[in-house]
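Enquirer: In case you want the letters, here they are:
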Amino acid sequence: MSATRHADAAGAIEGSAARDLETFDDVPEKSCSPARRAVTSYGAAAVLIVVLIGLWQLIVELAHYPAYLIPTPTEVASSLWHDWNPILGSAARTTLVEVLIGYAIATAAGIGIAVALHLIGPLRRAVYPLLIASQTIPVVVLAPILVVLFGYGIVPKLVIVALICFFPVVVNGLDGLRSVDDDFIRMMRTLDASRLAIFRRVEFPAALPLIFSGMRISATFASIGAVFGEWAGSNAGLGYVMLEATPNLQTARIFAAIVILTVVSILLFGAVSLAERFIAPWARQRDRT
Amino acid sequence: MRGVSKRFGGVVALRGVDVTIERHEKVAILGPSGSGKSTLLQIVAGLLDAEVGSVNVEGALLAKERLGRCAMMPQRDLLLPWRSALDNAAIACENRGMKRSEARARTRPFFERFGLGAFEDVSPAQLSGGMRQRVSFIRTLMADKDVLLLDEPFGALDSITRAQMQEWLLLAMADVPRTVLLVTHDVEEALLLGDAVIVLSSRPGRVVRVLDSRVDSGRSRRETVTSPEFVALKEQALEAIE
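Quick mapping for you: the protein sequence lines, in order, are chains H and Y. Position 15 of the first sequence, counted from 1, bears residue number 18 in the numbering used here, the numbering being contiguous throughout. Position 110 of the second sequence, counted from 1, bears residue number 130 in the numbering used here, the numbering being contiguous throughout.
Think of the hints as simulated: they come from the structure by calculation, not from any bench. Don't take each hint at face value.
If you only want the chain H side, here are some residues facing chain Y, beta carbon under 10 Å, derived [claimed, not checked]:
(1) PHE187
(2) SER197
(3) ILE201
(4) TRP285
Just so you know, these numbers come straight off a predicted model, no measurement behind them. Glycine is no exception: its CB is placed at the ideal position from the N, C-alpha and C atoms.
Isolated chain Y (complex conformation):
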């Protein structure tokens, strides 16, 4: 993805937001609630149109075209209770016209790979919050798009599960190269998961700072989060929000 810039006028949530994201880069958008983060994501996804400005996702300029380039993982897992975990994750394949059995066969390896091996035929109600989000992530992945948009994917989880899921997502993203745009109001999450962090101001949302948050990825989450560089980055991010 390259050359994404957009601007919105009026009372709308976002004002003059310019963002460029390289292909397969992982960018976190950090902002307080009400800064228009989710709106921004929906515009990129092609669910909404920018009032002013333009969005270019790998050459797709129209909202309808962008819809075909991006897959969005919502804040709530939105798993369908009448489908098993595997059938939920396979829904994007079915939407593209694949037969159910083929869609399931395609999706099954990802359950193995992402630690859900024994839970293919379990109904979503029987899964824990973290597992439901994993199924939701696989569903987004199965859409087979180059751009993944994650809208506060772990916002509904408790902090311990969230920490586990961040670590999991880091590995999962390293495993499947995609361009990732993640929206969050959690400073640590943004710095940890993004190669770059774009800090938005509160309403109207403007870009106030872009931080390079490439931290040494060889370490565990705990080591990273408590390292001096990370703490320094965190301070910069918090300062930018203020």
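Bound conformation, chain H alone:
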């Protein structure tokens, strides 16, 4: 085997490689400004929200519903503005802390459980059915018991948020870990990979996109869990504000609290999506192919 012949071959290969890349350049990249992209992806939703709020205002005003039954959007906005200090603002902070900590616990526990169940077969067969059965227990009913157990503080809220949020992470995580094509495992085995190496380098990264979609689902449950916990027994938080406002017929304030809860959920959802884009960018690549 002469050195020159090999050099020639390498040259020929590089030539063909360059051609391969050129064809990729021809694919038109969607080159829009970020502002325009924001309009195309969220514009329709924004318009719909504005229309719905307008309809709501119109119907309530035309039908002359009393404000304690159904407040108009302007009354809700006014409550948001006037009740922020000292009521809604501090309540929102309390609930936000419960949501964030509870959600973090749920995610960590969910991933941990999924990994343990995946790596240990007998454990999976024993625990998985129980896990599914546990989800049929209405957490609302559990809430008062947890308050009796843990008191009026933050702990029962965290437990409830975590109980509601961990399940989608476990199910999706487990599905993701098991979804890896056997060919990848075989390939890794002939390349001297230990069980741990296969998990670290193939299974876990492959499962990340599904873990994130589980996390997105549970992000929308987290604030509901916190409110359940506060209803069962508390002296702070948005759930507590709602409970107090109901007998006083301050319906606008209840709606204002709901608006804040919605914003919290959307922000959490957005944060998880953003984190996914940085931690597992290949998830979106795969969607496209």
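Knowing the structure of chain H, use the given hints to seat chain Y on it.
Expert: This is chain Y only, laid out in the frame that chain H set:
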């Protein structure tokens, strides 16, 4: 590698297959689909066990031991989308406990050598099919095993790219002496890449013929493929398959 013989009973894909391959010989196994070629390769690799018979890869008799002697290049490139081309190829080094930076440094020269010089940090999705298979081949090479098992390595490529890749592989194999066992259903590919071609029958797979396909390697692929000896070999191989 010497003294490889194996036999399988029952309804299984392979029956009484005896194959001996010398060290650093390049052997192609040619057979129609369903002849158990891939099964055979997985048994040699140690991913499966023979039901009857024995496999000896450089003294390794147990499946677990064979797994340590052979590196397999799968039909699909199986590159991991979360790793760059270089990190994909370096994965075998990392699996052996090497640090990532060291594994990369070890693998990098092979990218130069095999014409992927500028593509180390490109993600697999941006590479063409032929380039992905080259990365996959380097990954197999980096496992540092004496025996390379290639399972229809270019089966997923179009015929023009496949022809280019065959030429490339021929040079690459001449460059790094290894024992190579290649499985294919492409007659030309088998004759071109193998020093010997073992023809398997369709299910159950049996060895029906062994051809010496050492063709003069000084010529280009086109010259070789159209030469009279090559055409004659091709005819023999096709006849054996029938």
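Enquirer: Hint by hint, note whether the structure agrees.
Expert: Hint check results:
1. This hint holds: PHE187/H has a C-beta 6 Å from the nearest C-beta of chain Y, less than the 10 Å allowed.
2. Annotation: interface hint on SER197/H holds; nearest CB of chain Y at approximately 7 Å, less than 10 Å.
3. About 9 Å separates the beta-carbon of ILE201/H from the nearest beta-carbon of chain Y, less than 10 Å, and the hint is met.
4. The interface hint given for TRP285/H is met, as the beta carbon of that residue sits about 4 Å from the closest beta carbon of chain Y, less than 10 Å.
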